[in-house]
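Student: Below, each chain spelled out in residue letters.
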Amino acid sequence: MKILLYGYGNPGRQDDGLGNVFIDRIEEWIKKQGIEGIELDSNYQLNIEDAEAISGKDLAIFIDASVEDIEDYCISKVTESSEITYTTHAASPGYIVDLCKQIYGKAPVTYLVHIKGVEWAFKEGLTEKAVSHLEMALEAIKPFLLNPQPLIDGTAEYKTCN
Amino acid sequence: MAKKITIEPVTRVEGHGKVTIHLDDNGQVTQSRLHIVEFRGFERFVQGRPYWEAPVLVQRLCGICPVSHHLAAAKALDVIVGAGTGEGLTPTGEKMRRLMHYGQMFQSHALHFFHLVSPDLLFGIDADPAIRNVIGVAQKFPDLAVQGVMMRKYGQEIIKATAGKKIHGTGAIPGGINKHLTEEEKQSFLNGPDPMNIDKMIEWSHAALELFKGYHKENAGLIDSFAAFDSSHLSLVRKDGALDLYHGVLRAVDKDGNKILHDVDYQDYLKYIGEEVRDWSYMKFPYLLEYGKENGWYRVGPLARLNTCDFIPTPLAQKEFEIYKAYTNGKPNNMSMHMHWARLIEILHSAEMMKELLNDPDLLKGDLVTKGEKQSEGVGLIEAPRGTLFHHYEVNKDDQITMANLIVSTTNNNEPMNLAVRKVAEDQMTGQAEITEGMMNACEVAIRAYDPCLSCATHALGKMPLEMSLYDAKGNLVDKKRS
Numbered sequence: 001m002k003i004l005l006y007g008y009g010n011p012g013r014q015d016d017g018l019g020n021v022f023i024d025r026i027e028e029w030i031k032k033q034g035i036e037g038i039e040l041d042s043n044y045q046l047n048i049e050d051a052e053a054i055s056g057k058d059l060a061i062f063i064d065a066s067v068e069d070i071e072d073y074c075i076s077k078v079t080e081s082s083e084i085t086y087t088t089h090a091a092s093p094g095y096i097v098d099l100c101k102q103i104y105g106k107a108p109v110t111y112l113v114h115i116k117g118v119e120w121a122f123k124e125g126l127t128e129k130a131v132s133h134l135e136m137a138l139e140a141i142k143p144f145l146l147n148p149q150p151l152i153d154g155t156a157e158y159k160t161c162n
Numbered sequence: 001m002a003k004k005i006t007i008e009p010v011t012r013v014e015g016h017g018k019v020t021i022h023l024d025d026n027g028q029v030t031q032s033r034l035h036i037v038e039f040r041g042f043e044r045f046v047q048g049r050p051y052w053e054a055p056v057l058v059q060r061l062c063g064i065c066p067v068s069h070h071l072a073a074a075k076a077l078d079v080i081v082g083a084g085t086g087e088g089l090t091p092t093g094e095k096m097r098r099l100m101h102y103g104q105m106f107q108s109h110a111l112h113f114f115h116l117v118s119p120d121l122l123f124g125i126d127a128d129p130a131i132r133n134v135i136g137v138a139q140k141f142p143d144l145a146v147q148g149v150m151m152r153k154y155g156q157e158i159i160k161a162t163a164g165k166k167i168h169g170t171g172a173i174p175g176g177i178n179k180h181l182t183e184e185e186k187q188s189f190l191n192g193p194d195p196m197n198i199d200k201m202i203e204w205s206h207a208a209l210e211l212f213k214g215y216h217k218e219n220a221g222l223i224d225s226f227a228a229f230d231s232s233h234l235s236l237v238r239k240d241g242a243l244d245l246y247h248g249v250l251r252a253v254d255k256d257g258n259k260i261l262h263d264v265d266y267q268d269y270l271k272y273i274g275e276e277v278r279d280w281s282y283m284k285f286p287y288l289l290e291y292g293k294e295n296g297w298y299r300v301g302p303l304a305r306l307n308t309c310d311f312i313p314t315p316l317a318q319k320e321f322e323i324y325k326a327y328t329n330g331k332p333n334n335m336s337m338h339m340h341w342a343r344l345i346e347i348l349h350s351a352e353m354m355k356e357l358l359n360d361p362d363l364l365k366g367d368l369v370t371k372g373e374k375q376s377e378g379v380g381l382i383e384a385p386r387g388t389l390f391h392h393y394e395v396n397k398d399d400q401i402t403m404a405n406l407i408v409s410t411t412n413n414n415e416p417m418n419l420a421v422r423k424v425a426e427d428q429m430t431g432q433a434e435i436t437e438g439m440m441n442a443c444e445v446a447i448r449a450y451d452p453c454l455s456c457a458t459h460a461l462g463k464m465p466l467e468m469s470l471y472d473a474k475g476n477l478v479d480k481k482r483s
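Chains as they are written, first to last, in the working numbering: chain X, 1 to 162; chain W, 1 to 483.
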């Protein structure tokens, strides 16, 4: 089983770095648990080369800060999307999945973890609220790294974004 | 009825952008403006911070071209630590930075061409947006899509190897660089399995250039006239007049190719360049002081660079440069859409430069840092993918930054982008009663040629769809479209 966890954002802009910090934190935990087959990555933004990064994986989980109207965190299944956003210098997870499928013939089952952020200034470090949201998201994802099959089968139960 | 058309935000460019076009009762364009919400707080934010933090701090500005800010800041701080301007670094320090920079240029230009431009070229500007995107390219031209993805990845890997990491790289430090390239990295970049090797990158760069030239051959009327206008051009050039994207002297030429800024030392940029503030825009309008606010504006970026330089110091790109220059009989090229042609020549040049550098033994050994007598002020310029980028810092005796002034590439292109929008508005929207997808996209195509980056560091989910509003002369909303 090949899994990719990919957090993205700008850690120099406070809570925009939630995805990056998630990766740092989960890396420690994965090492302690001795879990193998999980690849970790993080960057400022998703971009077209990430279609190659997720290719060949069975499961991909993106983690991003969110300004959406959610309480703390939520998880959504990523569906293919050729939707043009206002910028293609930064691509959406759905765009990456679609591109991967078009180029490589198939794409992994993909999820997006949305973690609510509140401040976006030129500062390092997450706000207290964002940290609490991060902790909840970490605890929600950990069981699926020990047993990812339900996520792949689509039978997993998790906090959705609806 | 007089109308005001608002396109907000502009799709497929960075950050916030809004286009407003005013039509009079006869449908004639009376005014057009590109409004950009640029966050200027950064210059104040760095005040009081230790100067050596600047090359890392400035990467908070932008998630797209952090390397350009990283290097421009480092170049300014080279002056402050007494390492001089460009030539003062050790061979290893300068060449590692150059490799980082050409990797950045390569991946950024490749992304722009394959992701933003190729859909327009392959499907046409007026094609259905549902297919006119990189997914559409992947469906119809899968090999081309793979090339775009892998060229971008190759450049990113070069950056990672030279800057140390993908996020908040620390490679460039005041006075030099903090690491060598390893033999393993060198061999991987030079001779890695296909397609991840430099020869394949050069081959694909050439192929992308041929794709554009082929399209241009069949569509010269559109490409040559679309948003074209005369302008001056400004960039760094090497002291002997060669294209140099990392370091040089500052040169500007007018629309006819006459030098109007004569290869000056950029440490003195304030003697030559001013920044005008206009009440309707957050972004300043730079201009050459000698020619005033009205006439002193200029373009920067690939088009400008190929207009200011005398030659390109790598053989394949030089050959293409000669073809490119012959098209305008050696005169400056003022056709906005030829920015793509120029950008593709720069991709090829960047690939050639990476190969030359990767074969240089100085990357693997040698002193990394130069030190000298500390100075209180330094200016760093670099040719970022989108054009000339200025960083200027002053520091106090406690090593704290007391002043920072940045002129980013997109700011340098502020007036030209506004003119490009005006040109398109006049050509496409005069006498039109409503907004069409083709009209919207024509506006975007004109702006996109400049590849603007409009304060894009924060990107979190849930932001900014495209919205276009149409107002009558009294300010009443009469039409609204959303992407």
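Please note: incorrect hints may appear among the correct ones.
To be verified - Under the rule of at most 27 Å between Cα atoms (straight-line distance), these lysine-lysine pairs were calculated in the DSS-like manner:
no. : chain 1 : residue 1 : chain 2 : residue 2
1   : W       : LYS319    : W       : LYS255
2   : X       : LYS57     : W       : LYS200
3   : W       : LYS166    : X       : LYS123
4   : X       : LYS106    : W       : LYS200
5   : W       : LYS166    : X       : LYS2
6   : W       : LYS165    : X       : LYS32
7   : W       : LYS165    : W       : LYS239
8   : X       : LYS31     : W       : LYS165
9   : X       : LYS123    : W       : LYS319
10  : W       : LYS355    : W       : LYS217
11  : X       : LYS31     : W       : LYS160
Unchecked claim - Taking beta-carbon pairs under 7 Å as the criterion, some of the chain W residues facing chain X (in silico):
no. : residue
12  : HIS115
13  : GLN139
14  : LYS140
15  : PHE141
16  : LEU144
17  : ALA145
18  : VAL146
19  : ARG152
20  : ARG238
21  : GLY241
22  : VAL445
Since the hints were derived computationally from the structure, they do not count as laboratory data.
Only a predicted model underlies this, so the values are computations on that prediction, with no experimental measurement involved.
In this text, a Cβ means the ideal position worked out from N, Cα and C, and glycines have one as well.
Student: Under 7 Å is the threshold here; is the Cβ of VAL445 (chain W) close enough to any Cβ of chain X for the hint to stand?
Tutor: Nearest chain X Cβ about 13 Å off; hint violated.
Student: Please verify whether LYS31 (chain X) and LYS165 (chain W) have alpha carbons no more than 27 Å apart.
Tutor: Within the cut-off at roughly 21 Å; holds.
Student: Minimum Cβ distance from ARG152 (chain W) to chain X below 7 Å?
Tutor: holds, 5 Å
Student: Does the alpha-carbon distance linking LYS31 (chain X) and LYS160 (chain W) stay inside the 27 Å limit?
Tutor: Satisfied, since the Cα-Cα distance of roughly 23 Å is no more than 27 Å.
Student: Please work out if LYS166 (chain W) and LYS123 (chain X) have their alpha carbons no farther apart than 27 Å.
Tutor: holds, 19 Å
Student: Are the Cα positions of LYS123 (chain X) and LYS319 (chain W) separated by 27 Å at most?
Tutor: violated, 47 Å
Student: Taking only the CA atoms, is the gap from LYS165 (chain W) to LYS239 (chain W) under or equal to 27 Å?
Tutor: violated, 32 Å
Student: Taking the closest Cβ pair, is PHE141 (chain W) under 7 Å from chain X?
Tutor: violated, 10 Å
Student: Verify the interface restraint on GLY241 (chain W): the C-beta must sit less than 7 Å from at least one C-beta of chain X.
Tutor: violated, 32 Å
Student: Has the given pair, LYS106 (chain X) with LYS200 (chain W), been kept, meaning a C-alpha gap of at most 27 Å?
Tutor: Holds - the C-alpha atoms of LYS200 (chain W) and LYS106 (chain X) are around 25 Å apart, at most 27 Å.
Student: Against chain X, with CB atoms and a cut of 7 Å, does the hint on ALA145 (chain W) hold up?
Tutor: holds, 5 Å
Student: Per the CB criterion, is ARG238 (chain W) less than 7 Å away from chain X?
Tutor: violated, 29 Å
Checked against the numbered hints above, the structure violates hints 7, 9, 10, 14, 15, 16, 20, 21, 22; every other hint is satisfied.
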